[in-house]
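Below, each chain spelled out in residue letters.
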Amino acid sequence: MSHSYFFNRLLLAIPTLAGAVTITFILLRVVPGDPIAMMTGPGATEADIAQLRAHYGLDHSIAHQFVLYLGQVITGDLGTSISLRQDVGELIIGRLPVTVELVLIAMLIAASLALVLALTGTFWRDRWPERLVDSFIGVVVAIPDFLWALSLILILGVAIPVMPIFGRMDLTVSFDSWTNFYLTESLLRGEFEVTRSVLHHMVLPAVSLALPLMAITTRVLKSCLNAEMNREYVTLARTRGFSRLKVIYSQALRNALVPATTLSGVQFTFLIGGTVLVERIFGYPGIGNMAIDAVINRDLPLIQGLVLTFAILFILVNLLIDLFVTFLDPRLRHA
Amino acid sequence: MTHALSINDLHLGVRNGSILTPILRGINLDLSEGEIHGLVGESGAGKTMLGRVILDILPPAAVITSGKVKYPTGASTHSARYTRGKKNRGRISLIPQDPMTSLNPVKRIGKQMGEILKLVHPDSSHRTRKRAEQLLREVKIKKPEHVLQQYPHQLSGGMRQRVLIAMAFSTEPKLIVADEPTTALDVSVQRQVLRLIRDLQKNRGTTILFVTHDLGVVAKICDRVSLMHSGMILEQGDVADVFRTPSHRYTQSLLEAIPRYDRPREKLAPVAEDLQTELIQTAREYDQRRQT
Chain A
1 MSHSYFFNRL
11 LLAIPTLAGA
21 VTITFILLRV
31 VPGDPIAMMT
41 GPGATEADIA
51 QLRAHYGLDH
61 SIAHQFVLYL
71 GQVITGDLGT
81 SISLRQDVGE
91 LIIGRLPVTV
101 ELVLIAMLIA
111 ASLALVLALT
121 GTFWRDRWPE
131 RLVDSFIGVV
141 VAIPDFLWAL
151 SLILILGVAI
161 PVMPIFGRMD
171 LTVSFDSWTN
181 FYLTESLLRG
191 EFEVTRSVLH
201 HMVLPAVSLA
211 LPLMAITTRV
221 LKSCLNAEMN
231 REYVTLARTR
241 GFSRLKVIYS
251 QALRNALVPA
261 TTLSGVQFTF
271 LIGGTVLVER
281 IFGYPGIGNM
291 AIDAVINRDL
301 PLIQGLVLTF
311 AILFILVNLL
321 IDLFVTFLDP
331 RLRHA
Chain B
1 MTHALSINDL
11 HLGVRNGSIL
21 TPILRGINLD
31 LSEGEIHGLV
41 GESGAGKTML
51 GRVILDILPP
61 AAVITSGKVK
71 YPTGASTHSA
81 RYTRGKKNRG
91 RISLIPQDPM
101 TSLNPVKRIG
111 KQMGEILKLV
121 HPDSSHRTRK
131 RAEQLLREVK
141 IKKPEHVLQQ
151 YPHQLSGGMR
161 QRVLIAMAFS
171 TEPKLIVADE
181 PTTALDVSVQ
191 RQVLRLIRDL
201 QKNRGTTILF
211 VTHDLGVVAK
221 ICDRVSLMHS
231 GMILEQGDVA
241 DVFRTPSHRY
251 TQSLLEAIPR
261 YDRPREKLAP
271 VAEDLQTELI
281 QTAREYDQRR
291 QT
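Going down the list, the sequences are from chains A and B. Quick note: the first sequence, position 237, residue 237 per the numbering used here, numbers continuous. Quick note: the second sequence, position 265, residue 265 per the numbering used here, numbers continuous.
Quick caveat, the hints were computed from the structure, so don't treat them as lab data. All values derive from a computational prediction rather than experimental measurement. All residues carry an ideal CB built from backbone N, CA and C; glycine is no exception. Relax, there's no trap hidden among the hints.
Computed list of lysine-lysine pairs in BS3-like fashion (alpha-carbon distance at most 27 Å, straight line):
id, chain 1, residue 1, chain 2, residue 2
1, B, Lys107, B, Lys130
2, A, Lys246, B, Lys111
3, B, Lys140, B, Lys220
4, B, Lys220, B, Lys142
5, B, Lys130, A, Lys246
6, B, Lys118, A, Lys246
7, B, Lys267, B, Lys220
8, B, Lys111, B, Lys142
9, B, Lys140, B, Lys107
10, B, Lys130, B, Lys143
11, B, Lys111, B, Lys140
12, A, Lys246, B, Lys107
Chain A side only, calculated, beta carbon under 7 Å to chain B, not exhaustive:
id, residue
13, Glu232
14, Tyr233
15, Thr235
16, Leu236
17, Arg238
18, Thr239
19, Arg240
20, Arg254
21, Asn255
22, Asp329
23, Pro330
24, Arg331
Some chain A residues judged to face chain B by a derived CB distance under 8 Å, without partners named:
id, residue
25, Asp126
26, Gly241
27, Gln251
Build the full structure now, drawing on both the sequences and the hints.
Encoded structure:
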């Protein structure tokens, strides 16, 4: 393994990002809807509209707009939001921490549950615990995250109202955040009342996001583990008198994690897609929620900025996963 | 003479739904202490399954229907899964067939050897390491401290097999099952590995059940030999006697099939097809007799 490998991976991210920028730009110009019509009232004159168009650069030809936009993106300027009239970059930076914390917690829940379930299923292979895990996973995998969100709201928010179902924290708690990473920052600053409230509000959206991801990860990890258990080196470990549990966690697990982790990196796309609906349902002030508002308002610069952000997140997460996988498997290091 | 292992009228079948297919049919096998016993047979003869019975790593579907395996430790009963546990820990080792898949790919050699050594003999990491180095030296690996730092994929097939042999001997077992340990190696490495196994065995007085389908290998290193077909042992005896005066027609035809310098031939002689069918027929009749 070398630094050049990761440098190359970073270089490869450039065409991906360029593709994401180009495709969203084209798609947004093809779909019907006019941002200027959305923002002006019925009494606006032709001259007002023309002036607004010129202000947002929408009076140029599409090709010209694209070139202008590209130039801006490269210099780090994502333009001004049409509906919120603020800098897109600042808007996203402000809301991004909300989603990042939510997604990380969801991934943590998904990964730990998947690990426990996959190990349980492998340890009691062909017996009732494995069947139980399989049927549970079968049910969970069939239900998408937004349905989980709605069901959880009905059960734990309405029928037995023990969980908050709206917003990021209680309105009674006030927190003057510098970074907007409420969870991390409140922990570091020792304001545990805030941490408690943020976590309490995070449970339902994070679980809704985690469940489908958990189900797929469990399936992959369990089948990888079962495949490893049939390998020669595991048989040898058995002849040496390692207990079954020890064979699973100290021999097979690390090998099985390699393909399973790689696959969950691909699943990360679905997790990002999930935040859009789930944040909306729970009134969670992250970038997913923001994306829906941006689309409703035909806020072209904001939508573009958000898509670019999603693409960067995806690339970053997969880079991290690659790093982790190379750490797990020495063969990838020396290749 | 004391037996390192004795198998008495062992029958084993593999369950598939409600059907039980017989695999081993009345195996009798006594291994004397310190002998290398060749177990020869073609694919499907049940050699590997017999080895797995001894190692107690039967697949869940395999069922011992009757008979007994007696270990010198006194343990004798058998069921399918992980029963050996601590009781026989380190007493019986396996030298596997394929060195490429038999080492854990994500762990350094030193770590893998250490795990085994510590399982049988808990000791400080430093001393375990020294012990591992010593073992690697015994299997003629140069620069053992370097090899201990390496991952399996950085070693050649021959080196990996040496490491696996060192691992098999590391727990000082009374009995080793060598499951075609040279099949995956090229001829020159094969010879070195065979000599290595024999030397280690002689020094330590280990008993080895040497599973193979290569009669040449048997002639080279085994003291006694058993010939298997369709889950039955057809002929058993001292290697010299069996090779000089084979009593079973199958053995005769196997020996006939070996190409020889002194008797050049146009074609290789296969084992006659009617003999094969006859042997399978015998096995079937045996099953029927047992059922009634």
